[in-house]
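Kindly generate the complete structure, drawing on both the sequences and the hints.
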Amino acid sequence: MTARERLAWALLLALNVATHFADLGARAMGHDESLHAFYSHQYATTGVYKHDPMMHGPFLFHSTGLVFLLAGTNDTTARLLPALFGTLLVATLFAFRRYLGRRGAFFAAVLASLSPVLLVYARYLRNDIYVSVFTLLWVLGLLRFQDTRKVRWLWLTSFAMSISFCSKETTFITGAILGAWFALRGLVRAFVRREPFGLNRDAEAALVMLSLALPFASPLVHTALGWNPEQFEGPLAQVHAAAAIGLALALGAGIAFVGLKRAPLGFKAWTRLLAMFWFLPVFLFSALFTDMPRGIISGVVGSLGYWLGQHSVGRGSQPWFYYAFLTVLYEFLPLVLASCGAIAVLRRLAARRLPRVPAFLLFWTVGAALLYSVAGERMPWLNDHIVLPMTLLGGWWLGRYVSRVPWAGIDRLRGLAVFVSVPLALLLLARLAWLRPFADRSLTALAESGVFLTLAVFLIAVGLVARACARGMTGRQARSVSLLGGFALLAVLTARAAFTLTFVNYDMATEFLAYSHGTPDVKRMLAEVEEVADRTGVGSDLVVAADDDTAWPLTWYLRVYPKQAFYADTPTLEAMRSPVVIVGSKNLPAAEPYLERDYVKRDYRLVWWPIEDYAGIDLDTILATLADPEARRRVWNIAVHRRYDGVSLAEWPYRHEFKLFVRRDLARDVWPLGQEALAAAAPEAQAAPVPELRCAARGVYEGAFGDKPLAAPAAVALGADGTRWIADTGHHRVVKLDASGRFLASLGSACDLGKGAASGCRDAEAHGQFAEPWGVAVGRGGELIVADTWNGRLQFFDSKGAFLRSWGRLVMNAPLPIPTDNLYGPRAVASDAKRERLFVTDTGNKRVLVLAPDGGVLAELSGGFDEPVGVAVSPRDGHVFVADTWNQRIQQFDADLEFVASWAVPGWKSRSLTNKPYLAVDDRGLVYASDPDAGRVLVFGPEGQPVASLAATEWHGADVGPTGLALDGRRKILLVTDTAGNKVWSLPQVTLADGTATCLAASRSGH
Amino acid sequence: MTGTNRLLFWGALGAGALALRLVGLGSSPLSSSEAVTAWPALVAALPEGGLPGPVPGSALLATLQWIAFGMLGAGDVLARVPGALLGAALAVLPACLERTWGQAPARSLGLLLVLDPTLLGIARSAEGFGVGVFLAALLLTLLLQEDTRLHRLAAPVAGLLLVSGFEAWSLLPIVAIAALVAGRWRAPTRRDQALVAAFALLGATGLLVVPEFAGAVSASLTAWLHAWDAPSAWPRVSALLRTDLPVVVLAAAGALWTSPGRGRRGAATLVAATWALVAPVSRREPEPALLALALLPSAAVGLAWLYERATTGRATVQRLALGAGAVVTVGLVLRAVSVSQVAVGNRGLARLAADVATLSAQRTPDRQEIPVVVPERADPALLWALRRIATTTVARLPADAAARPFVIASREPVLEGYFGHAYGAEPGSVVLWVPR
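Protein chains in written order, with this note's numbering: chain F, 19 to 1025; chain G, -10 to 425.
The set of hints was computed from the structure by calculation and includes no laboratory data.
In this text, a Cβ means the ideal position worked out from N, Cα and C, and glycines have one as well.
Heads up, a few of these hints could be off.
[What the hints assert, rightly or not] Rough simulated footprint, nothing fancy, chain G against chain F, three-plus residues with beta-carbon under 8 Å: (1) 464 to 475; (2) 501 to 515; (3) 529 to 543; (4) 621 to 635.
[Claimed, not checked] Sample of chain G residues with no beta-carbon within 12 Å of chain F, all distances over it, derived: (5) A78; (6) G91; (7) T137; (8) R298; (9) T300; (10) G320.
Printed below as a string of structure tokens:
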């Protein structure tokens, strides 16, 4: 080996290191890639792995898991091993110098380095690059064994076969091709040449391969006997697998015993090879003996069994010429050189001088192209297995060709001129073909005509110069130099295709090899989620809700947010309130209604596929395209520049979309450029300072009512006759007083339906019993409605307190959509007697239900509520007001339940479980809102403007918790329950004069 | 010094030159003077063309960039790589002068060429100047070789130098006179003439495929001739001192050493002196860069003189020479590092392009497909910054704004129904108008 040769190989390997390892993490994961990466990560972190034939062999998971353990988990480390194997593949070709020639091996290595298919899938977490390297070692072992008859080369073969079977099921196809070649040659030697079997190296190699790998064909036994080769678990599956594998092993041993008895290898050496061959599959498929015997059955029986089943499925739905199409589009130089190699081999075959290795390479190339084209599943990465033998065949031919050019006597300068003239002429022709000269007399057209003429002159000049320079050469010399110039152009174009595919368009579906691939949006979306996490300070504790429609590749990426709220295809309340929600297009109709108001939405593309117009191509289409200049240009732009005229990337026809919802308050902080989108939604107005108003109380209800005083009374309602119904929440009862505050009756007792009799329930229905009633209202005909909060129901009573009916049941954290009668802590109820309907705040479910008096659900207010508590109906116009507590706002809806306005409440900051705000509206449109934490009642004008912060003078310095509100219009008083003081206060109502709030004087006696 | 050591020295020098020229090459966007060549090169490389740009600043650089963009895609780094690689190659050229000049001056010159702040700045910019300087130096180096076979290569280099842009017209006479003075001039043969023409043609026309680039040759010659009419500002000594003080000091040392009776390397002295004398007056208004370039050979001789004093003189002189050499070298290194970190382009335009891409992704949702309107005769740096936006068009404003694309214009007039964001504080800064 010369120093120049060493330098050339060193430079080539350095180039491969650069092209394989540079910028490995830039590309978003594809669908399958993310599955491989995620399950390797799971294996590395939990130590659990179970072989599944759908995800191919275990080698990838074991090796990638190990890399994750050693080097951490990310996109780059996930692709480190494939990149290493891609570089090794080129280095392995060095060992083929004996078979391809020194130049041939180097050119094969150059072709493998330039090959877009080999390069891109060596930067991709798939098994194909592993299998390619193992196949090369396999072939090397066989060739060396034939030459040397040394068993150590069969060890290499056995190892390479074994680990290849542990990598991917394509090994069956490789094995079939290699086995067929050696078997055919063996037969020819045995029956045509009559060679003694002891000298028949080909037959020996074929027998060794067959006898070792035969158990992997055991699913054929399953199929023949009607067993299911995709069933790996259960005693029956084990018995079937043991029988089939045992039969195949015995058959293999029989073949070896009979076939190799007289061969130099011998049966004893074969048994050692067998042990070595089967150690790795048993070790890896069983996940280091942790998944026995399931792993072995799924590996040995299921690998072929599963993929035979997939043959009829025909995944990918690609046409039979798919690989030829991809090869023409990407592998210009390997294709041309391999074709030249094929012609050379066939010519020598015709002359009965069949070269062993080149003929084998041709057989391998054609066999791979045929078998992969026949197989039902056609995927772009499988092209690796066709391109690999092509590069060897092409390299061999080029090396031989260059060696045979009669270089002597060629003047360097003249030779160089002839060499460059071919690519120059081709480039000129390519540009000339797209010019439209002499179209009209516009300046642009004239300029184009000028360029056309100039290029035409240049083309002629190039031709003349080339001819002149070729005069000093022989015809053969001139042809060879010109041909090499053409190859140089093809090499440049192939390198360009590889570079563009690998480093520019790596995640664009305009590339035919970016199949089912993550779009650039995936990393963009992740960067935005990361920004939300960073700016909110929660980091990886950010709760990200994701669904099943975006599972791959997002499951891999969202592993960094362990507090994920995965909601599959059923939006849950928890998920729909997460700071960040990811929704795939499939689940959008179900999830979007819960998000559209309080979330900012972004559109993204998740995964996309190339346009597959080529699938329907036929001769007529080709001729029509050639005849139409516009069609020609379109095809040229796709083939050379990967540009689709008139097809928008945003509206790419083969894409899967998803949306990212970010809570509006967060989005406002983290997306500066989204401000204008946020402004359009017009959230709450800025609250103004509220003037304080203190009035003397008209009275107070305190002391014993019945046998006990009030305890944390949460609500109060008035009957038409002035009766006061007070929800005595702490005592699980409702107290009835007359207009003067005299105790009349008490309804109910404690009963928590969830605890049954232990909590005091009289029976299963517990009618008339309560668990913390937080709301009361008086409906039509004086009917009393009680929100039995922690029994999750409404109870209806007549005006005398007799039980009428009950509606609803308590269900906490129900999945979305929540059934209408599932209530989760209903806090308040309001009656719109005029329109015969009730409003219930289903607080825990963050909704407000509109009910018919008999309990049927009429509607649900659409408000994007968070902890809705108080609800009130305006006696003036039937408008409905809701205390949207944790959104710190009051929302107003008209009588038709359409949203009218919302305004901020300068309070309600607490997320206390007991301090809940209630509302009341008077006949002038003033809205009263209790603010228990601040010990006040806020009063808003009809437009939502704050007019007063009302408090009784008696409250000064006292511990008060104003909560439930009710207005007595006749007496101009406001009843306020005091949950902290266990009382009910009677305050004067407020009036507005010139915008200033004052306390109204009482109009009648009583309080 | 052994062959291995020689290889190591020049290898290390080349690696250092590469590092200084390539590290952080894309950290700043292309300036207008860089984009004036890069944009037409990109338009020629794009399948769908693009908004027409001005005539390139350098036909040869446009050809190199056209090849790079066509092969590898467009980018700020890629636009500057040809200049940076040639700048690094320039630094190792004096290796070929060791035999004629002697080891110390050649290596001193190599060191200066690596570290010289002016040359470093030129090499890191995507302008034709760097290409021209390299070709001029290569041409001179070839002519100075004793091996006449190497003289044959001078013709292609001269052809390429002819089409390398504006500065080529200043550099050509310098090289010619220097070669003449050094006694290396010979009449060109017909073969030489053919090679000059062929390579000039290939270099000026994008390997014949883009004849549109050839306009740069006449444009640069016209501009160079008109520069003679410009008001004289020579010599811009203060600018030179600010950038290249160590080189000036060394050049003075070189002049001292080569004074009558002291010079021992005739060719080196003659070339250095000629270059120093001719270069400044080759243009009416010489750039400080050109002046610095002119001083470099003399400075190399000065550095070699210091080296000689440091190794062979008396102890005191040795210490003084070592100290002076160290000060000069440290000064050069510091200046080189600071120059390599200078941002040349308009960051505002880069930010504008990034914002357009982000807004495009929000609204379309692709980063490249939002319709964008730019003014007629827009700054090529703006067009370059927007190169990934596939739907950039030119329109008269504000009439065409009715279609509600993104509009890049000035602050006035304010577009109705749009909100604007300025990129730059000055009144003339560009504004991105985004439809509400």
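We went through each hint and held it up to the structure:
1. 464 to 475: The restraint on the segment 464 to 475 of chain F holds, since 3 of its residues have a Cβ under 8 Å from chain G and three suffice.
2. 501 to 515: holds (count 3)
3. 529 to 543: holds (count 3)
4. 621 to 635: This one holds; 3 residues, not fewer than the three required, reach chain G with a Cβ under 8 Å.
5. A78: holds, 18 Å
6. G91: holds, 30 Å
7. T137: Its Cβ never comes within 12 Å of chain F, the nearest being 16 Å, so this holds.
8. R298: holds, 40 Å
9. T300: holds, 35 Å
10. G320: At roughly 35 Å from the nearest Cβ of chain F, G/G320 sits farther out than 12 Å, so the non-interface label holds.
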